[in-house]
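Novice: Residue-level listing of the chains:
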Amino acid sequence: MAQPVVQTIHRDPALFWWILLPITVVMILTGILRHYAMTLLQTTPKKQPLATIRQQRSLVRGITFRQHANVLSPSSFQARKAYFVEAYKEGKFLADPENRGKPRPNPMTDPAAMEGMMGMMKGNMAMMIPQTLIMGWINAFFSGFVIMKLPFPLTPQFKSMLQSGVGTRELDVRWVSSLSWYFLTLFGLQPVYNFILGSNNSASQATQQMAQANPGAGMMGPEQDPDKLFLSEAENLEVMEHRWILDGVEDRLLAQFAF
Amino acid sequence: MEDERELAIHPVVQTSVQHNTQAVSNIRNLTASLFGVAAGTLGLESYPGFIFYLVGTLIVSLLLFVFRAEGKPSAYFHRPLGDLWGGEVFGGLSGFVLTWTLFYGLVRA
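Going down the list, the protein sequences come from chains A and C.
With the numbering used here, the residue at position 243 of the first sequence is 243, and numbering never jumps.
With the numbering used here, the residue at position 6 of the second sequence is 265, and numbering never jumps.
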């Protein structure tokens with residue numbers, strides 16, 4: 001069987017020391033730098049007035065109570081439920097009880113909401129700027145070198161991207177330039193960051209996007225009416241079903257020791 | 260309903276679940292990078308390389324099952340099939356491709 005001729009290129013071994021290694025080191029260091037920059041850029045949460053914290057915490061308390069009600073005996077469950085439902089309906093925990101029923105102000109004018117958006121912007125900028133800079137750096141210094149051969153074949157569509165700056169049309173797509181090594185490190189260095197910085201690092205995009213997807217889960221969004229939240233929580237408590245976890249525990253215990 | 264009651268009696272603690280998932284993911288990432296080194300040094304190309312990776316992760320799953328879960332995966336994982344055997348199989352693929360390419364480039368090409 002006639003094998004197609006395998007293209008080989010003799011490359012200077014110095015390419016490894018002057019291109020491959022610098023890109024890798026720079027990528028790792030950029031990730032570490034980004035992690036610490038994100039840690040420094042994080043604004044400390046603003047101190048909130050007592051009434052607001054009380055409003056948030058009492059709602060969270062009600063939710064926690066609803067989720068873990070099964071560990072309570074029926075009498076204490078009933079007592080707590082009665083207390084919560086009454087307090088929620090009367091709006092006892094509201095931060096400003098005079099404002100009940102009035103429409104909320106526009107979130108764009110609320111300084112707290114603006115701060116949240118600023119935080120997201122900062123995260124995006126911390127991703128975008130280093131990427132642009134490093135792409136430009138690689139394009140300026142290392143374009144036009146064929147540095148390595150991929151161990152797996154690719155379709156010719158990748159040629160323009162992976163062999164940018166290499167002017168040979170007949171070259172196999174598996175020979176790639178320095179920019180593709182940059183892409184490989186961009187996607188493949190997450191485990192390295194995990195081992196250097198711990199699992200909760202903000203060095204890579206994936207974790208970045210996950211953090212943005214739920215900013216402060218369980219917190220009350222500034223644009224929601226707290227009174228409505230309290231009323232719906234009171235409704236939830238009223239309709240919930242309570243089954244005590246210790247119901248029939250004697251039978252279960254005996255069944256565990258029965259043979 | 261019976262399931263719900265069973266879950267209330269033996270609750271699934273979210274922190275422990277996260278810890279176990281993290282442990283599995285760490286092991287997978289590290290072994291995937293090492294498999295990449297091995298595949299690159301052996302000079303595997305295209306399909307044999309990916310098959311090497313799949314076989315390797317299967318062996319790692321087996322080792323996890325025997326040594327870390329001590330043969331009782333249901334004690335450590337909420338859904339043993341998804342979390343232990345199938346969990347994070349492709350999470351280490353990018354690390355594998357990275358080291359595979361690097362060592363293939365260094366050793367062979």
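Please note that a few of the clues may not be correct.
Stated by the list, open to error - Interface residues of chain A toward chain C, partial, derived using beta-carbon atoms under 10 Å:
1. Thr24
2. Val25
3. Phe141
4. Phe145
5. Pro153
6. Ser180
7. Leu189
8. Gln190
9. Asn194
For the record, the hints were derived by calculation from the structure and aren't laboratory data.
Glycine included, every Cβ here is placed at the ideal spot set by N, Cα and C.
Novice: All hints are to be evaluated individually against the structure, with a verdict given for each.
Specialist: Evaluation of the provided hints:
1. Thr24: holds (8 Å)
2. Val25: violated (13 Å)
3. Phe141: violated (19 Å)
4. Phe145: violated (13 Å)
5. Pro153: With Cβ-Cβ at 6 Å, under 10 Å, it holds.
6. Ser180: holds (9 Å)
7. Leu189: At about 7 Å, which falls below the 10 Å cut-off, the nearest Cβ of chain C leaves the hint on leucine 189 (chain A) intact, so it holds.
8. Gln190: holds (7 Å)
9. Asn194: Holds - the Cβ of asparagine 194 (chain A) comes within 10 Å of chain C, reaching about 6 Å at its closest.
This entry does not satisfy hints 2, 3, 4, going by the numbered hints stated previously.
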